[in-house]
Amino acid sequence: MSTKLNVLEHVMVPDHKIMSEEEVGTLFSTYKITSEHLPKIYHDEPAVKIIGAKAGDVVRTIRTSHTAGIAESYRLVVKRPKK
Amino acid sequence: MTPEQEQVIDNETLPAKTKEQLKKFLSEKNISDDQFEEIIERVNSEYMSTRIEACEAVGVIAAQSIGEPGTQMTMRTFHYAGVAEINVTLGLPRLIEIMDARKEPSTPTMTIYLEPEFGADRDRAREVSWQIEAATLQEFGDITIDMQDMQVVVHLNSAVCEKRKIPVGTIIETAPRKIRERRHYRDFEHESDEKEGVINFMPKSRESYQNLFQLAEHVRKVIVQGIDDIERVVVRKESGEYILYTEGSNLKDVFDVEGVDTRRTRTNNINEISQVLGIEAARNAIIHEAVSTLNEQGILVDVRHIMLVADMMCLEGEVKQIGRHGIAGEKESVLSRAAFEVTVNHLLDAAVANEVDELSGVTENVIVGQPIQLGTGDVKLIAKPMN
Numbered sequence: 001m002s003t004k005l006n007v008l009e010h011v012m013v014p015d016h017k018i019m020s021e022e023e024v025g026t027l028f029s030t031y032k033i034t035s036e037h038l039p040k041i042y043h044d045e046p047a048v049k050i051i052g053a054k055a056g057d058v059v060r061t062i063r064t065s066h067t068a069g070i071a072e073s074y075r076l077v078v079k080r081p082k083k
Numbered sequence: 084m085t086p087e088q089e090q091v092i093d094n095e096t097l098p099a100k101t102k103e104q105l106k107k108f109l110s111e112k113n114i115s116d117d118q119f120e121e122i123i124e125r126v127n128s129e130y131m132s133t134r135i136e137a138c139e140a141v142g143v144i145a146a147q148s149i150g151e152p153g154t155q156m157t158m159r160t161f162h163y164a165g166v167a168e169i170n171v172t173l174g175l176p177r178l179i180e181i182m183d184a185r186k187e188p189s190t191p192t193m194t195i196y197l198e199p200e201f202g203a204d205r206d207r208a209r210e211v212s213w214q215i216e217a218a219t220l221q222e223f224g225d226i227t228i229d230m231q232d233m234q235v236v237v238h239l240n241s242a243v244c245e246k247r248k249i250p251v252g253t254i255i256e257t258a259p260r261k262i263r264e265r266r267h268y269r270d271f272e273h274e275s276d277e278k279e280g281v282i283n284f285m286p287k288s289r290e291s292y293q294n295l296f297q298l299a300e301h302v303r304k305v306i307v308q309g310i311d312d313i314e315r316v317v318v319r320k321e322s323g324e325y326i327l328y329t330e331g332s333n334l335k336d337v338f339d340v341e342g343v344d345t346r347r348t349r350t351n352n353i354n355e356i357s358q359v360l361g362i363e364a365a366r367n368a369i370i371h372e373a374v375s376t377l378n379e380q381g382i383l384v385d386v387r388h389i390m391l392v393a394d395m396m397c398l399e400g401e402v403k404q405i406g407r408h409g410i411a412g413e414k415e416s417v418l419s420r421a422a423f424e425v426t427v428n429h430l431l432d433a434a435v436a437n438e439v440d441e442l443s444g445v446t447e448n449v450i451v452g453q454p455i456q457l458g459t460g461d462v463k464l465i466a467k468p469m470n
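Those protein sequence lines, which keep their order, are chains A and B. So the first sequence is residues 1 to 83, counted in our numbering. So the second sequence is residues 84 to 470, counted in our numbering.
It is worth saying that the hints were derived from the structure and are not from the lab. Just so you know, these numbers come straight off a predicted model, no measurement behind them. Glycine included, C-beta positions come from ideal geometry on N, C-alpha and C. Treat the hints loosely; a few may be bogus.
Stated by the list, open to error - Pair by pair, the computed Cβ-Cβ distance ranges are:
1) A:Ile51 <-> B:Gln104: 42 to 50 Å
2) B:Asp432 <-> A:Gly56: 32 to 40 Å
3) B:Asp117 <-> A:Asp15: 22 to 30 Å
4) A:Glu36 <-> B:Val445: 39 to 47 Å
5) A:Glu22 <-> B:His267: 36 to 44 Å
6) B:Ile114 <-> A:Gly56: 46 to 54 Å
7) B:Gly406 <-> A:Lys49: 28 to 36 Å
8) A:Glu21 <-> B:Thr219: 23 to 31 Å
9) A:Glu9 <-> B:Asn428: 43 to 51 Å
10) B:Glu187 <-> A:Asp15: 26 to 34 Å
11) A:Glu9 <-> B:Leu383: 41 to 49 Å
12) B:Asp432 <-> A:Ser73: 34 to 42 Å
13) A:Ser73 <-> B:Asp270: 32 to 40 Å
14) A:Gly69 <-> B:Gln90: 31 to 39 Å
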């Protein structure tokens, strides 16, 4: 990968942030879900590697939405399955 | 509008865009507190009424909302997209390509933005384009076949090399290496004279002329400058800056080229985006590509339907197609799968694997002649059964 490329700075990549355990707890209780209900993101993704998230963490992405302006979404970091 | 009122708007649970629009609308106006309260109330109730209800069958609505206008699209539209004569697949074929999550689009193309100091000047933009556009050895000099000595002689044209900003020494080094690595042709030897700009290629076996001609073909076609996958680059001026459009796509290598703006450069190859920039970028790319394909055809589909499709495709961490290998392919019912394709194989495999059909879907129940299970399923979702 190139030295000057910072994936997070690209216009198509939203901000990724690791959520603390507390935040994850409130997220699960407000929506009454468990981690398996979340969309997934692979642990070896460029953005995940930059923020240093490990498998099992929940990542918050702050998207610029066409409809709402700003929208938050959440993804669970999982290991990429072997082919 | 008073700062207190602005504070009230900020605390509401409205989308950020609505808040901004509301603030902008109220900013110049002088309104009483009572009026303000009513405005907030009305906006809130309007927002709540436009929200999709829980348990609404959004998938079916999205399918119809995209499907119906899709029938209006021209079946095959291969025409010039108006952008610098670069041919791009549009219309239905392109839409199918996006939804199928093909590994490679039929017409890969990139839009390369340049950093300000390169984008402002035509000559510097052209220089960047030479670093990207694949150029074969025959563009840099004369290639002659010397039948008598059984060799291919390349006379490099130093003026061309100068113009395209590539040293003669680099060409002499890359040409034989690329023939071996990229074209997988190894049965030759070479010697070169950097001062004269001459490279001689000799086939290892001097038995037949066939080897010589084969070698000459490789020498002509070997790519010595630029990125192999990018066949053509067009420089265009758009809103005050020079932008490169390409035929062929290689996001990773283009990001390494000096002068390329790594923040805005994009490709229409969604698979490549998901590999280089990640799944969230792929989601954005799917939305962008689908919306622009539909709009180009003059079809207006609400972006929320496309967002739903993109979300479903990117749910599992990699881009999955809408189809039997992707998000619809995980059907559990044996009978429903058997009804679709290769009936006997499916039934046989299911029998061998001792599979059970729960008869929960539509197809299976129609097959066995039962009433189908209908509805959104929200009662089951919300109500917890006693005992």
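So, going through the hints one by one against the coordinates:
{"no.": "1", "hint": "A:Ile51 <-> B:Gln104: 42 to 50 Å", "in the structure": "32 Å, violated"}
{"no.": "2", "hint": "B:Asp432 <-> A:Gly56: 32 to 40 Å", "in the structure": "35 Å, holds"}
{"no.": "3", "hint": "B:Asp117 <-> A:Asp15: 22 to 30 Å", "in the structure": "40 Å, violated"}
{"no.": "4", "hint": "A:Glu36 <-> B:Val445: 39 to 47 Å", "in the structure": "26 Å, violated"}
{"no.": "5", "hint": "A:Glu22 <-> B:His267: 36 to 44 Å", "in the structure": "57 Å, violated"}
{"no.": "6", "hint": "B:Ile114 <-> A:Gly56: 46 to 54 Å", "in the structure": "50 Å, holds"}
{"no.": "7", "hint": "B:Gly406 <-> A:Lys49: 28 to 36 Å", "in the structure": "30 Å, holds"}
{"no.": "8", "hint": "A:Glu21 <-> B:Thr219: 23 to 31 Å", "in the structure": "57 Å, violated"}
{"no.": "9", "hint": "A:Glu9 <-> B:Asn428: 43 to 51 Å", "in the structure": "49 Å, holds"}
{"no.": "10", "hint": "B:Glu187 <-> A:Asp15: 26 to 34 Å", "in the structure": "30 Å, holds"}
{"no.": "11", "hint": "A:Glu9 <-> B:Leu383: 41 to 49 Å", "in the structure": "32 Å, violated"}
{"no.": "12", "hint": "B:Asp432 <-> A:Ser73: 34 to 42 Å", "in the structure": "37 Å, holds"}
{"no.": "13", "hint": "A:Ser73 <-> B:Asp270: 32 to 40 Å", "in the structure": "56 Å, violated"}
{"no.": "14", "hint": "A:Gly69 <-> B:Gln90: 31 to 39 Å", "in the structure": "19 Å, violated"}
The structure is inconsistent with the numbered hints 1, 3, 4, 5, 8, 11, 13, 14, although it conforms to all the rest.
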